[in-house]
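With the hints as extra help, turn the sequences into a complete structure.
Sequential numbering of the sequence shown, starting at 1, is according to UniProt numbering.
For the record, the hints were derived by calculation from the structure and aren't laboratory data.
Possibly wrong hints are sitting among the right ones.
Derived Cβ-Cβ restraints for the label pairs, each shown as a range [stated by the list, open to error]: (1) 218 to 46: 32 to 40 Å; (2) 211 to 302: 16 to 24 Å; (3) 291 to 265: 25 to 33 Å; (4) 302 to 263: 17 to 25 Å; (5) 291 to 119: 18 to 26 Å; (6) 184 to 229: 17 to 25 Å; (7) 354 to 259: 17 to 25 Å; (8) 213 to 351: 36 to 44 Å.
For every residue, glycine included, the Cβ atom is placed at its ideal position computed from N, Cα and C.
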Amino acid sequence: MRRPDYSNQEALLPSAAPPGFTDHIYASPHGVPLEVRVWACPGAAQSPWIFWTHGGAYCTGAHYAPPSWVVPAFRAKGFHVVSVGYRLSPQVGLQEIIQDCVDGLEWCRRNLPSIVPIDIDAFAIGGDSSGGTLATLLGHVVRPRPRAVCDVYGPVDLVDMYYARKAKVPDDAWAQRWGDRYTDSHNRAMIADRDPAKAITAAPFGWEINHVPIEQTRARWARPDFEYSTRVFAQTQLKDWLASMGLGLTALLRLDELEREEDRLDRCRSWSAYHLLDETYPPTAFFHGEADGAVPITASRRMAQRLREHSVDVYESYYPDGPHGFDQELKGPDTEGWAEYVVPVVEFVDRHVRGM
Numbered sequence: 001m002r003r004p005d006y007s008n009q010e011a012l013l014p015s016a017a018p019p020g021f022t023d024h025i026y027a028s029p030h031g032v033p034l035e036v037r038v039w040a041c042p043g044a045a046q047s048p049w050i051f052w053t054h055g056g057a058y059c060t061g062a063h064y065a066p067p068s069w070v071v072p073a074f075r076a077k078g079f080h081v082v083s084v085g086y087r088l089s090p091q092v093g094l095q096e097i098i099q100d101c102v103d104g105l106e107w108c109r110r111n112l113p114s115i116v117p118i119d120i121d122a123f124a125i126g127g128d129s130s131g132g133t134l135a136t137l138l139g140h141v142v143r144p145r146p147r148a149v150c151d152v153y154g155p156v157d158l159v160d161m162y163y164a165r166k167a168k169v170p171d172d173a174w175a176q177r178w179g180d181r182y183t184d185s186h187n188r189a190m191i192a193d194r195d196p197a198k199a200i201t202a203a204p205f206g207w208e209i210n211h212v213p214i215e216q217t218r219a220r221w222a223r224p225d226f227e228y229s230t231r232v233f234a235q236t237q238l239k240d241w242l243a244s245m246g247l248g249l250t251a252l253l254r255l256d257e258l259e260r261e262e263d264r265l266d267r268c269r270s271w272s273a274y275h276l277l278d279e280t281y282p283p284t285a286f287f288h289g290e291a292d293g294a295v296p297i298t299a300s301r302r303m304a305q306r307l308r309e310h311s312v313d314v315y316e317s318y319y320p321d322g323p324h325g326f327d328q329e330l331k332g333p334d335t336e337g338w339a340e341y342v343v344p345v346v347e348f349v350d351r352h353v354r355g356m
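Below is the structure:
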């Protein structure tokens, strides 16, 4: 099988937001509007639906355009697709982010029946990268529970992440990209400012904001009012700085509030889907690249094994040579790898959501 040229960063951005969606504000905590974007399945009657949480290391990304395959693959199976926006770290932590997603899902349960023909109880939750963390946690906390979970290269064990970040030696990747436009003191002040009213809900990745013209981002996100504002630039570079310094998890889980190592580890466990598993967890599909350097594939394999130990149905789809974000190249049924890797994931979710 031919592999995509993964050195092309633009190829790893999601495809443009598919047409045929509607946008809705579901909440405005502390004055920050939060939206869901809904792609209805055309002509469907009482359709199932999937609720998608986007990635971006918890502090960048946007809900406007899910991974390239998500909308076409699930709509082809008769699903409505809902992508949820949430407040980004560090002005809020993981607890608030999860609550945003819960609020978004509850809004959907109340309001989607008046927007689309839907079987409101027939739903799955999915997410990519950091959105996989959110999706797998939501599988524990929402009621009624989803009938299936779809985890796309998500960090599911934050204890592993804690040790990896603790061992991290600060590097100069952030400085090479951003030069002298920002300082350490600026960024330390940003992560110390926990005013939720200052949170934003969308920020491009560093390569994107520095190389992709704003007109292209607006078109890809179908968001003509989006700006590369000073605030957005600051958010984007902060993600790179947190990665260089190994401080992203500290900001997300407020670990700086805790003095004892055992308390930090307990907090990491309490926000890790892997450590909360039991036999009541929903059936789960995993989709991961075998060459993922950001979230090692062992994260998915270990959680899949733990679920099997609890007699929970699992499907694993592992893409050979795929790095983090490999699935952005999977744009439709004519794409190489679609039938082999995408279709079985969607069929697993469909089977469990419909109770077949």
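Going through the hints against the structure:
Judged by the Cβ atoms, the range 32 to 40 Å given for residue 218 and residue 46 holds: they are separated by roughly 35 Å. In this structure, residue 211 and residue 302 break the distance hint of 16 to 24 Å, their C-beta atoms being roughly 36 Å apart. Distance hint check: the CB atoms of residue 291 and residue 265 are about 29 Å apart, consistent with the given range 25 to 33 Å. A hinted range of 17 to 25 Å holds for the C-beta pair residue 302 and residue 263, which are about 24 Å apart.
Range check, residue 291 to residue 119: Cβ separation about 38 Å, and the 18 to 26 Å hint is violated. Separated by about 22 Å at the C-beta atoms, residue 184 and residue 229 satisfy the suggested range of 17 to 25 Å. Residue 354 and residue 259 have their C-beta atoms about 50 Å apart, which leaves the hinted 17 to 25 Å range violated. Checking the proposed 36 to 44 Å range against residue 213 and residue 351 shows it holds: the Cβ atoms sit about 43 Å from each other.
In summary, the structure is inconsistent with hints 2, 5, 7 from the numbered list given earlier, while agreeing with the others.
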